Amino acid sequence: MYWSTRTGRKSRWSLFESSGREASFGDWFAVCCVLGFLVPVGAGLGFGWWGVQAMAAAVDPRDPVHALRRITPEGDGHPDRVYLSGTIASGAADPFALCLAVRERPDTRGSLVEDYRGTANAGASLVAHGRATRILGPVTFDPMHLQRTPDAPRLREMLCEMPRGGRVLAQCVSAGDLVFAEGCIEALPDGTEALKGCGGEPVILTPGDGTPAPRIEHRIFHLAGRIFGFCAACILLLAYGWRVVRASPLLKAMAGYAGHRSSSRPWALVGPDLLGATSLGVGVVWMLGEVIDGSMALRHGLVCSAVLATVAVFIASASERRRALRAADALLSSSARAPLVQATGGVISLDVNVRSDHAVEAGLLTGEPRAFSQVKVCEVARSRTRAGARLEWSQATPRTVAFEHASGEGTLEMAGAEVDLRALRGIKPGRDAHRSGWSRCFPSVDPSSRYEVEESYMEPGEPLFVVGAVKKTVPSAQGAGYRKHAVAPVIGQGEGAPLLVFAGTGADLRRELRLEARYLKAAMAVALVAGLIAASQMCWLVLP
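Just so you know, we're using the working numbering here: the sequence shown kicks off at 1 and counts up by one.
Because the hints were derived from the structure by calculation, they are not lab data. Any given hint could turn out to be false.
[Stated by the list, open to error] In the BS3-like style, the derived pairs of lysine-lysine whose C-alpha atoms are separated by at most 27 Å in a straight line are:
1. Lys-252 to Lys-521
2. Lys-472 to Lys-252
3. Lys-252 to Lys-376
4. Lys-252 to Lys-471
Model, not experiment: these values are computed from the prediction.
Using the sequences provided together with the hints, build the complete structure.
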């Protein structure tokens, strides 16, 4: 089974193509939709939503990042909320004063899931400003670092409701540890005070130096990572859209005919696939959590650098692409597109048709009549026992294609031509090669390998747009007459410039070029805004 496409073009809508097995068109389309469409769009929307939430939290004065810097619980509905800095005290003989214990058990798939969480309190109190305040009720830690503990038997003994078995993780504080605590003060019947959670919240403890700095830094890194995910989502979706609207692969050669020379700088080689894959990969890594060791300043510096570098590469690559698009569009709209009666030398670009009476040959893949057929075979999957380079092979027939135009006729020399034609593509196992026509011309077929087979073709009467050099003129087969010239040009590759053949009209090609140019203009503006917002938000979060 083969699917219809264009020469050398992968699926516009899919970032991934299934080449590991021979699939029917329906199976291939489903794989492309699920893997190629849902992954970038779903990841982009998910990262984008998390990033929007993080930016909203970053400017919210009630967020811990700002509330803990002011140490004033303004407008949160709990007037008894307090922030205390002090030392843990305990009169018990236990090695810990207070622990948050979590019990995990394996589920049906073998993964560990939490099924119990409790607080083991050995009479802990917080000594602040010379006063001891008992800590009652559930507690939590921020930042939280749960780990295996040798005190698990004692924790099970204190927490009788904890189920048996499983794995116990805990985070504890001992007598003498400095902590920063957030909660609400409640007066007890005996005249003392206790620190409890506000509303249904637990008491929040931050071990360290007795300041909220560790908690603020952890919250900043959490928000910064999601804001970076937002920027990565923007670049991912923009790169995916670029792939969808990307113009003909003949663009580079067309721009070369117009005098444009591609830049040799690295960003000029970056395309939407690489940008999309990089944005998706980096976004996933940063959304998974803290993957870089070092200080918070180093982490945020790397985040800001990654954001700005991604945006800069996208803008630079899009700018280089737009210059090539403008050069190709100038070639299409220039007055140099002369009729054949003036085609006595130099470069010519015009709309033609394959002659309706052109001789046909059976195509190598399907056996259907073709005026021109170019078959390419590339090894895409091979046996692990094989060594050496992957095999590639191509064949084009015939060598010349006759065309007709309102002002005359001519011939295309297809040797060395770059084409963007209608095509058929399929993945074929080597063991079935004897059933296909391409195997007759490609003897080195390994039965254990798989091959991507693509046939580009022309049919009699098909419209084409060609750009090439007039190499010579030959007597016309139709002779002279009204609007007919006695000579016919032979168009082929020139000095350092190949013959370009596009299946369609010049208007179709120009429409592709202008669509991509307009998209890139808008995408560059969106990328710049997204990068500035993300970088400014993250850099602002770092500053007190």
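_Hint compliance check: list the failing hint numbers for this structure, sorted ascending._
none
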